[in-house]
Amino acid sequence: MKKIRVALLRLAGMFRLTRSDRDIDEELREHRSMLADEYRRAGFSHAEAQRAAAAKFGSLTSAAEAYRDRRSIPALEQLTADCRYAARSFRQTRMLSTSMILVLALGIGVTTTLVTLFHAVAFRTLPLPDPDRVVKLSLGFAGEVNRRVNGHVAQFSYPELTLYQDSTRALSGVAGFRHERATWFNGGNRRSVAVALVTSNYFKVLQVRPASGRLLTDADRLQPAAVISHRLWNDAFGQDPAVIGTSMLIDRQGYTVIGVAERPFSGTEVDTVDVWVPLDLAAAARGHADRLADASLSWLLAIGRLAPGVSLKSAIAEAGIISPRYDVMHPGQRTTVVVSHAAALDAGLMQSSSDTAKVIGVGAVVVALAAVLLLICTSNAAALLLARAVARQKEIAIRIALGAGRPRVVQQLMTESALLALVAAAVGIVLCTIVFRTTAHLLPISGYFDDFVPDVTVLSFASLAALAATILFGVAPAVYATRVDPLAAIKQESRGLGEQMPASRLRHWLVAGQVAISLILLVVSGLLARGVQHALRVDTGFSLTHLYAITVEVPAGSSALADRANLVRQLSLTLRSMPGLDVGLVSVPPFVGAGLNQARSANMSSTIQVQFNRVDAGYFSTLGVANVAGRSFRSGDDRSQVIVNARLARAFWGDERAAIGQAVTFFDERPAAPTAGAGPRRETEMGFRSGTVIGVVPTLQTLDVGVPDGPTLYLPIVNDDLTDASFVVRSPSRPPLERLTADLARGTDATAGTASLEERVVSKTQPARLASAITVLIGVLTLLVAAVGVYGIVAHSVLSRTHEIGVHIALGAPRARVLRLVLGSSLRAIGSGTAFGITALLIGAFFGSDALAPILFGVGPLDPLALGAVACVLAAIMAAAAYLPARRALGVQPIDALRRI
Amino acid sequence: MRSGMIIWVTQMTLPANDGKAGKTEVWQGTLALMVLTTLEALGPQHGFGIARRIEQTSGDRLSVNPGTLYPTLLKLEQEGAITSKWGVSDNGRRARFYQLTRAGRKQLADETRQWETTSDIVARFLAAARVR
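Residue numbers (the working numbering), protein chains in the order written: chain G, 1 to 901; chain H, 1001 to 1132.
Some clues are possibly wrong.
Not close to chain H: a few residues of chain G, all C-beta gaps over 10 Å, as computed [said to hold, decoys possible]:
no.: 1; residue: D23
no.: 2; residue: L35
no.: 3; residue: A63
no.: 4; residue: S167
Result set (EDC-like, lysine to aspartate or glutamate): computed pairs, CA atoms no more than 20 Å apart in a straight line [claimed, not checked]:
no.: 5; chain 1: H; residue 1: K1075; chain 2: G; residue 2: D166
no.: 6; chain 1: H; residue 1: K1085; chain 2: G; residue 2: D25
no.: 7; chain 1: G; residue 1: K2; chain 2: H; residue 2: E1111
no.: 8; chain 1: H; residue 1: K1075; chain 2: G; residue 2: E26
no.: 9; chain 1: G; residue 1: K136; chain 2: G; residue 2: D166
no.: 10; chain 1: H; residue 1: K1085; chain 2: G; residue 2: E26
no.: 11; chain 1: G; residue 1: K3; chain 2: H; residue 2: E1079
no.: 12; chain 1: H; residue 1: K1075; chain 2: G; residue 2: D69
Derived from the structure by calculation, the hints contain no laboratory data. Glycine residues also receive a C-beta, built at the ideal position from the N, C-alpha and C atoms.
Produce the entire structure from the sequences given, and follow the hints as far as they go.
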């Protein structure tokens, strides 16, 4: 308690609220006078008494100093004094200080922005209580796999989920869910919403709290109840509490809103959820009632919570025990259950896994580059500070001569750097916020950065960056500046040799370092840019110009499939009656996704995974793809005729032509075998059947840009099987197609859309293009910063060596000689920097080309022509930056220089 | 004060040129105790008076440096052991007068007790050593 009281009083003393300076002086002076009085009483004369008193008392100044030190907190006062001094000296060199702050702010701001983004993507924590106790489950299969997939193969079926729920002890609860997109019909408006179908224990397992109303429970299992997200509540209802109890029509089912989820929660996956509805009811309402009983259908994600006191390892062990029970459910198949932390990045379970992985790969590279930019900016600022410190040597020498210890002067110089870094960090944070607010809609994490306010992550990172910047750019110049001989510095004799040796060596490394890093950054950003260019030109195997995909969407409901088939039939008739169009039907249009299946040939022992699609006779001709062998589909073909692509043909039979007439076994609907015993007789069932290859087409790229298709199997679209068909259309113009789809959808609750496949390809390369644009920007900025740095350094060097230059000129040195004198060291630094940069690039290319391959889209990591060109351009710009101020040296009048002694 | 403070000594320099080579500077740690004792004995007193009294009590073997006395007085005031206010001395000089507070009296009593215990223990050790 006493310590706090003392501390507070000393703090008050800093503001002179306790003893004033005058009081202190007066008290001490009176003490000395009383001493003098005493001596006079003892018989001394007036003058002798004064002298004796002064001698006994000691120094008034140092006593007052000790008194004042006790009154306040000396360390804090020193700091305040340093800050004020720093502010004053910044005001005196406004240009230099501003440019230093801007350079640092750029470095800190860019790095903070990119690290925050990377952190958000890679280390997302779920906004739930105890998020590290939430786990996710997924399945793995081996053996004879008969699996239907509606999503990802690792997902659960409903019976499998129930089995796990009933068997587990290590998890306090297991919930299942599925994300789908649906249309919310709100009065006359249609709004696309993300719907999550969840089991009744979902909110209980995750321990979500309601912001208003209540959440789904077991009682709501078969009720048309819905919980909306806070974001939807805010955007669509204005946070109106009266929304509870109202009805929402989602696709063809009405739901009553029973509550709103708490603010930060919008599902556990990357894609945000707007509405949660009960799985049991909604699946049936959306026309998928049969899915609930299907034990071999992968369609549900599973998430659970570790029971109190149970570790993840125990849960994993338990999963190993429960797994064999699935083998009873699926004879011939071996199932494993994988348990892992929910927040961990698992590309396998996300629906757009390859996109996410690519984004992260690109993100990591960009973050590394930004950190390098920070390094350049700080070394730039260091170089400028060093130049300034060299110019201030006289001032520093005087301070040391007056008795300041070297550490004290270093402390003051470091305070200046820290102040600069703090201001720069503040500007950097503002920059970061502005960037996020304006580019939020471009980022892959939807909704994450909408109301971006710098949070703990950003602030702590910016502070860290500022601290690093301070130490990096403050220490070396401060230490070198104080390594000065006061007497020589005051007399300016040290200028005789040109410059202090240590300072010039530091400068050499700073310049060389900046040049090397600029070179590396520019080359890498150039490679990225070229990679993206290359990707855009990539050959998909068919022409994309004027190619469109027309899709029809019908709200989920029990008659949805039939409705959709009707619409597709109507559209098909209309399209084929329009002149000048090429029309084809396909079940999975290009660049949308992939159907998967298992297939094998007669002489293979097990099936392999193949891509799978249903197409009609006009598909390949619409794409402009000609057969490699055999023929294309024609009317009259049924499921016994198949087409394969070249890759499958080669994998199964070694040669495209050899494929014709061969048999392929695959998983499909087939006539039902008569079942023994009870149960309704079905006409068809799902199982393996075989077909004959009647044609081979070339291997295309319909999955993703730059990724060739795997082995692919094509089945014909039989006339009555239009339930999942879409159109590919080659049309010279787009508006007629759009008019057609608009007319079709009018008056129904269906949506029909026309998409350009060319645009779709372009948008798939968007993350890489964004990253490459950013990297090129960073590269150019780095070059600018380095050039400005070199300019500044040489300019200061000229200034500080004016005396020496004047002497040289007076003694008759030719202008060229003078230039060499001034430029020599800078050019040497630029040269060694370039050499370093090239070496580093060569080493990096040798070891790292594999890691960078996915984002380089097939461009070789080192194109000698490109590398050479960049290096030359860089060196030229740097040399120019050095030459411009050097020219001023030529204009030095010898007599002026000599006068400056 | 703890016994450790006997070892922690500041300003053991002898005053340079006033011929009082025999006097030692007051140990800063014990100065506070001496100030409190003085104020208890004399009642409210100014800095000069306190210094004089301490020097007299020590039989002129101690010399009080104003550069250490006043910071000590301020420290005691910050800790709440004493208070101060301006007043007029006997000679008509303006001076700041210091006086004990109740907390100060308690602190004095505690520290006196500690000192007595400490010096008692040390005395025993010295006696034991002398016996040998």
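Verification of the supplied hints:
A beta-carbon of chain H comes within 10 Å of the beta-carbon of D23(G); the shortest separation is about 8 Å. For L35(G), the shortest C-beta to C-beta distance to chain H comes to about 7 Å, within the 10 Å cut-off, and the non-interface label is violated. The beta carbon of A63(G) sits about 4 Å from the closest Cβ of chain H, which is not more than 10 Å, so the claim that it is off the interface is violated. The claim that S167(G) lies off the interface holds: its Cβ sits roughly 67 Å from the closest Cβ of chain H, which is beyond the 10 Å cut-off.
At roughly 72 Å between alpha-carbon atoms, K1075(H) and D166(G) are farther apart than 20 Å, so this suggested pair is violated. As the CA atoms of K1085(H) and D25(G) are separated by approximately 15 Å, the hinted pair is consistent with the 20 Å bound. For the proposed pair K2(G) and E1111(H), the alpha carbon gap of about 16 Å is at most 20 Å, so the pair holds. The straight-line distance between the Cα atoms of K1075(H) and E26(G) is roughly 19 Å, inside the 20 Å bound, and the hint therefore holds.
In summary, the hint linking K136(G) to D166(G) is supported, as the alpha carbons are separated by about 16 Å, within the 20 Å threshold. A distance of roughly 13 Å separates the Cα atoms of K1085(H) and E26(G); the hinted pair therefore holds under the 20 Å criterion. For the given pair, K3(G) sits about 8 Å from E1079(H) by alpha-carbon distance, which is consistent with the 20 Å threshold. Distance restraint check for K1075(H) and D69(G): the Cα-Cα separation of roughly 11 Å lies within the 20 Å cut-off, and the hinted pair is therefore satisfied.
Of the hints listed earlier, those the structure fails to meet are numbers 1, 2, 3 and 5, in rising order.
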